[in-house]
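Visitor: We have chain S already, so just place chain D on it with the hints.
Line order of the protein sequences matches chains S and D. Just so we're aligned, residue 1 is where the first sequence starts under my numbering, counting upward by one. Just so we're aligned, residue 1 is where the second sequence starts under my numbering, counting upward by one.
Any given hint could be a false lead.
Computed cross-link-like contacts, DSS-like style, restricted to lysine-lysine with a CA-CA straight-line distance of at most 25 Å [unchecked claim]:
#1 S:Lys76 with D:Lys140
#2 D:Lys106 with S:Lys26
#3 S:Lys76 with D:Lys306
#4 S:Lys76 with D:Lys175
#5 D:Lys308 with S:Lys76
Think of the hints as simulated: they come from the structure by calculation, not from any bench.
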Amino acid sequence: MSQIDSTPERKSSDNVYILSALVEDKPGVLFRVTNLFRARNFNIESITVGYSEFADLSRMTITTRSDDRTLDQLVKQLGKLIDVVEVRVLDRANTVYRELALIKMNAQDPTSRAEITNLASVFRGKILDIDKFTLTVEITGTPSKIDAFRNLVSDFGIVQLARTGVSALPRGAV
Amino acid sequence: MKGAEALMRSLEKEGVDFVFGLPGGANLPIYDALVDAKIRHILVRHEQSAAHMADGYARIKRKAGVCFATSGPGATNLITGIATAYADSSPMVAVTGQVPLEMIGKDAFQETDIIGIANPCTKYTFQPRKATEIPETVKKGFYIAESGRPGPVLIDIPKDVQQDSQDIEFPDLIKVRGYNPTIECDLSTIGKAAELLLAAQRPIIMSGGGVILSGAFSELEVLAELLLTPVVTTFKGKGSFPENHPLAMGPIGMHGHAEANKIILEADCILAIGARFSDRSVGRFDEFGKGMSIIHMDIDPAEIGKNKSVDVAIVGDVKSSMKTMIKLLNKKMVKRSAENPWLRRRTELIDYYTESIKDYPRDLTARKVLKKLRQVLPSKAIVTTEVGQCQMWTSLHFDVISPGTFFSSTGLGTMGFGFPAAIGAKAAKQNVPVVDIAGDGSFNMSENSLAVSVLENLPVIVILLNNYMLGMVAQWQRTFYNRRYEGVHLHNCPDYAKIADAYGAQGIKVQSLLELDNAIRSALKSNVATVIDIPIDPEEDVYPFVAPGTGLKDMIVGS
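Extracted from the complex, chain S is given alone in its bound form (with noise of 0.2 Å):
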């Protein structure tokens, strides 16, 4: 379960941090960050990469959770990697973040239906399919708003989730 908005249960030293990379927008570049990371023995809770404004230049956003020396050693490894072009640690109070998930419940029966719609409304969620069997949602939100709904909806019988991990951006003028 994600931590990256709640206190963090683990060892205490240890925090989530989001970090946001700007990357050479070519073929391998993710495997040689997955791979930096599992060669140290580092953390990753989640990552994501997708374009940028640069037309040659990806962003990547990956939470990790790591103690302050870690990931000093974590975002200088980062920075030698020929491909990545920049790396920050976000402040995250004064950062945007926001995941997507998309959660397949049971909803056979209508009163099911109808309680998962009504916390979905109120989890501002969207449902994105039904069939006889199953309603599908879509959340957006911190991963902890996520968290929130995943845990109400439980009961239910989660079918199937896919969770984007975060994307993060910091507040205001670069």
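Guide: Okay, now just chain D, sitting in the frame of chain S:
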């Protein structure tokens, strides 16, 4: 122009005079282009040796060594050599053939994902997809391999890209936007460091491999003499400072000099230059440097704080950083007296351990052999080692006088490295003697390079400390596993003098120090490689010893 020809022109433009390699199906076009290139090719008998030769060449020439291999097994055979270069920050450009583009991913014959395999042990990997990309790729490859903290780069060229004929342009300038090594350090950090050093009562310099890579030998000497600090080195830094200098203390570490391991614990301020605080050098990270201030000079920002938190970090080329510090100290310096208690302590420790560490009571021991070798060899001779006891005895008993004439596989600890690397070093500097201090276990791994040494007229000298034993493993089994030996006896096989003869080299067996003296002199005059087979006692241990997982203070001086 074909892609392969573009590769040759690009290598020539980089000033490449030697390549070490072995051809195969997927790099035939490269070898075809090599026929007309102004580059000397050294044919190896195993690709691993090609990488070690390129590495040895690089460490002496201080520019990237180049090796070639075909796809699949040729490329994977290079990997140990590439990883060795990576661990020791040695610049290298490895060029592998690959199956044609359209075959990639089809599990073709001799196809392997060498980019994926090489990624964790290279600075960067390239796979040009068009012949026109080759010149820029090579230029970037050399730039990345040689600049900043050096390291190996792999260029994997599909066969059809090698063969493709195109109008090819050669760029004069390249830019790698995600790669900007820091050369000049931040001046304020030098100021802070100088304050700490001047305030210290017992300052010490710990010099690492970065000093050798940067060629900052004279700067180190000037700085040490200005500060009047004892100088210890890491094992990789051995030979960054003349080991007969009145301030020299030799290498620290698992098998460091006892006096060096002792004095560094008594220091109150450590200036670590181009060193990475490896476990083999400093023992336990949490114990090392307690109560001392630590100043760390390194070109790689990621080394700062990796193993050891430091008080002042000076990021930049160590040569340039030391120059800046020397200037500042010259302005500020209150001249220290050479008659201070700290330098007296240095002498005291050296005297104490010289007296208390006894050699084995035999005519031929590793220590006597290496002292004899030092006596007979000119100081400009280049010396490398294999890995294990032979290597650690060299660390202890062979003084490097002329800076930059010693190297070894210190980071990865690759057995079989020394001999081919010595041949590479000989290619880089053909007018000086090159010696590989070997054990039989390691030499056995790459002895087929004798063919290369003889046929390519690159004679080197192998000092074979032969106990027919994987000696270091045996020592650990003796020490930590209650003498339960397993997998360490080599049972008097093979006869190394005969092996040397069989390759057309010179094999000499010696039984005494006098015979050894004669053999070394004969080897120095020989036109072919010489293997001097020296029997030593398989029970001879390397001491001092800092057991793994302990600190330098736990050093064991003898059995």
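Visitor: Which numbered hints turn out to be false for this structure?
Guide: The structure conflicts with no hint, since it agrees with every one listed earlier.
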